[in-house]
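Trainee: One-letter residues, chain by chain:
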Amino acid sequence: MSAVVILTPVVISSWPAITAAVAGAAAGLGMVVKETVKEAVEAAEVNVEQSVEVELADSEVLAESLATGKEIVVTKADMEIRVGRDERGRCTVCASGKGKSKVELKQIAEDFAQKMTQCFVYNRVMSEVKSRNFQVVNEEVMDDESVRIHVRRWVD
Amino acid sequence: MAQHDVEITISQTGQVRVHVKGVKGKGCLEYTKWLAGVVGRVKDEQLTSEYYEPETKSRIDLKQDLNIEE
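Keeping their order, the protein sequence lines are chains F and R.
The first sequence begins at 1 in the numbering used here and counts up one residue at a time.
The second sequence begins at 1001 in the numbering used here and counts up one residue at a time.
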């Protein structure tokens, strides 16, 4: 053994990378991407009773590719999750749905935000290790839903 | 040739555990520094016995390969 390091993710990226993470999270949670980019004003559904928004800690969506107020929408049954960028550039996740309490919606939004962060980090790490010519020896999803990637390189 | 292994575990919350194996001396820090730059910031770091073993020439090559900025 040499070193063990724990890293805290910081989600700073352009909108396409965020979109890829949202799509990954949606697939992992059995949700469907409804629209890739949608005006926030149009997203308000008439039949939605409750809505809760959470913010991704340590996140920043780079402004060049997405104006404030636009978002990506994913759905599952009566649930809708909207991921967007607020005025400060932070990434926000808003869950809404009929017949759900605020507590349930907050939990759903936080679960989605976590899954999205995991997908974002996974995409970023895999892209980096491949670009540095590492060989991916093994990759597996553990019982606790963490993803373990084993990479190798040979050095002269 | 030396075999360098890196085990990267991404938790459900996105927190990342990086375990560098087979790299002697400070060379392993080049890997952790590189991945910290990719993921975010270091929350905790533990050096193991291999870290204190004499490092090899490969550390310099590694730094160039990974394009780590000083």
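Source of the hints: derived by calculation from the structure; they are not laboratory data.
Mixed in with the good hints, there may be bad ones.
[As the list claims (entries may be wrong)] Calculated cross-link-like contacts (lysine to aspartate or glutamate; reagent style EDC-like; alpha-carbon spacing at most 16 angstroms):
1. R/Lys1021 to R/Glu1045
2. F/Lys100 to F/Glu80
3. R/Lys1043 to F/Asp156
4. R/Lys1024 to R/Asp1044
5. F/Lys130 to R/Glu1045
6. R/Lys1024 to F/Asp86
7. F/Lys130 to R/Asp1005
8. R/Lys1033 to F/Glu128
Trainee: Below or equal to 16 angstroms on CA atoms is what counts here, so check F/Lys130 against R/Asp1005.
Mentor: 14 angstroms, holds
Trainee: F/Lys130 and R/Glu1045: Cα distance at most 16 angstroms?
Mentor: Violated. F/Lys130 to R/Glu1045 sits at ~25 angstroms, over the 16 angstroms cutoff.
Trainee: Can the restraint linking F/Lys100 and F/Glu80 be considered satisfied, given a maximum Cα separation of 16 angstroms?
Mentor: 11 angstroms, holds
Trainee: Between the alpha carbons of R/Lys1043 and F/Asp156, is the straight-line distance 16 angstroms or under?
Mentor: Violated, because 31 angstroms separates the two Cα atoms, which is more than 16 angstroms.
Trainee: Measure nothing beyond the straight line between the CA atoms of R/Lys1024 and F/Asp86; if it is 16 angstroms or shorter, mark the hint as holding.
Mentor: 45 angstroms, violated
Trainee: Would the hint linking R/Lys1033 and F/Glu128 be met if the CA-CA limit is 16 angstroms?
Mentor: 13 angstroms, holds
Trainee: When you check the alpha-carbon spacing of R/Lys1021 and R/Glu1045, does it fall within 16 angstroms?
Mentor: 14 angstroms, holds
Trainee: Would the hint linking R/Lys1024 and R/Asp1044 be met if the CA-CA limit is 16 angstroms?
Mentor: At roughly 20 angstroms apart (the allowed maximum being 16 angstroms), R/Asp1044 and R/Lys1024 break the hint.
Against the hints set out earlier in the document, violations occur for numbers 3, 4, 5 and 6.
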